[in-house]
Amino acid sequence: MFKTVLFPIDQSRETRHAVETVANLVKTYQSRLVLLSVVEPPEPDTEAPTGPEAVMHSPEAVEKLLTGAKTLFTEQGIEAETLEREGMVSFTICDVADELEADLIIMGCRGTGLTTEGAAESVTNRVINLSPCPVLIVP
7 MFKTVLFPID QSRETRHAVE TVANLVKTYQ SRLVLLSVVE PPEPDTEAPT
57 GPEAVMHSPE AVEKLLTGAK TLFTEQGIEA ETLEREGMVS FTICDVADEL
107 EADLIIMGCR GTGLTTEGAA ESVTNRVINL SPCPVLIVP
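Be aware that the sequence shown starts at 7, since it is given in our numbering, and climbs by one per residue.
Heads up, some of the hints might be wrong.
To be verified - Restricting the straight-line Cα-Cα distance to at most 20 angstroms, the calculated cross-link-like pairs of lysine to any residue (SDA-like) are:
no.	residue 1	residue 2
1	K76	N131
2	K9	G83
3	K76	S137
4	K70	H23
5	K9	T88
6	K33	G83
7	K70	E46
8	K33	T80
9	K76	E87
10	K76	H23
11	K33	L142
12	K70	R91
13	K33	V141
14	K76	R38
15	K70	R19
16	K33	P140
17	K9	K70
To be verified - Listed next, with one range per pair, are the computed distances between beta-carbon atoms:
no.	residue 1	residue 2	range
18	E81	P50	40 to 50 angstroms
19	T77	Q36	15 to 25 angstroms
20	N135	E46	29 to 39 angstroms
21	K33	T73	18 to 28 angstroms
22	P50	R22	30 to 40 angstroms
23	V144	G74	12 to 22 angstroms
Hints are computed from structural coordinates only; laboratory data are not their basis. The C-beta atom is built at its ideal place from N, Cα and C for all residues, glycine as well.
All chains, full assembly: derive it from the sequences and hints.
What follows is the structure in structure tokens.
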């Protein structure tokens, strides 16, 4: 039923909470698991982020995040592929799901991509509305 599962990850608590659900579903359906990290490029007219935000989006931090997540799934007997992309988070998640012909996207209910406008404009809400496949939201 779910041959390919896309799991967009970030450094949020919600992503960590979704790991168990992802592992259970992937094991149950013997799915291909693809972990995705999306880094949003800075706006051309704004200064590059500094401090903790800059560190979170550095190539090293993204690599560490993907490697850590892959290791976590490997320890549970699940082989996972990793992808790193740059772009607007919600659109990139949906584009990758389309490219992979994903059968399901699983994501936490609110990650670090929540916008200042609030939940109505959250990455999760946009993915739900734009996704080419079903989206499972883990609270």
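Quiz item: Given the proposed pairing of K9 with T88, does the C-alpha separation stay at or below 20 angstroms?
Solution: Roughly 16 angstroms between the alpha carbons, so the hint for K9 and T88 holds.
Exercise. Compare the distance between the alpha carbons of K33 and P140 with 20 angstroms, and conclude whether the hinted pair is satisfied.
Key: 18 angstroms, holds
Quiz item: Has the given pair, K33 with V141, been kept, meaning a C-alpha gap of at most 20 angstroms?
Solution: Given that 20 angstroms is the threshold and the Cα spacing comes to 18 angstroms, the pair holds.
Self-check item: Straight-line alpha-carbon gap K76 to H23, limit 20 angstroms
Solution: 15 angstroms, holds
Exercise. Please work out if K70 and H23 have their alpha carbons no farther apart than 20 angstroms.
Key: Given pair K70, H23 holds - Cα atoms ~18 angstroms apart, limit 20 angstroms.
Quiz item: Keeping to a limit of 20 angstroms between CA atoms, is the pair of K70 and E46 held or broken?
Solution: 17 angstroms, holds
Quiz item: Given the hinted pair K9 and G83, is their alpha-carbon gap at most 20 angstroms?
Solution: 17 angstroms, holds
Self-check item: Agreement of K33 and G83 with the hint, judged by alpha carbon distance not exceeding 20 angstroms
Solution: Within the cut-off at roughly 9 angstroms; holds.
Quiz item: Is the hinted range of 15 to 25 angstroms satisfied by the C-beta distance from T77 to Q36?
Solution: Holds, since T77 and Q36 (Cβ atoms, about 20 angstroms apart) stay within the stated range.
Quiz item: Given the hint that K76 pairs with S137, does the C-alpha gap stay at or below 20 angstroms?
Solution: Violated. K76 to S137 sits at ~24 angstroms, over the 20 angstroms cutoff.
Quiz item: Under the criterion that the straight-line Cα-Cα distance not exceed 20 angstroms, is the pair K33, T80 satisfied?
Solution: Satisfied, since the Cα-Cα distance of roughly 12 angstroms is no more than 20 angstroms.
Quiz item: Is K70 close enough to R91, meaning Cα to Cα at most 20 angstroms?
Solution: Holds - the C-alpha atoms of R91 and K70 are around 15 angstroms apart, at most 20 angstroms.
Of the hints listed earlier, those the structure fails to meet are numbers 1, 3, 17, 20, in rising order.
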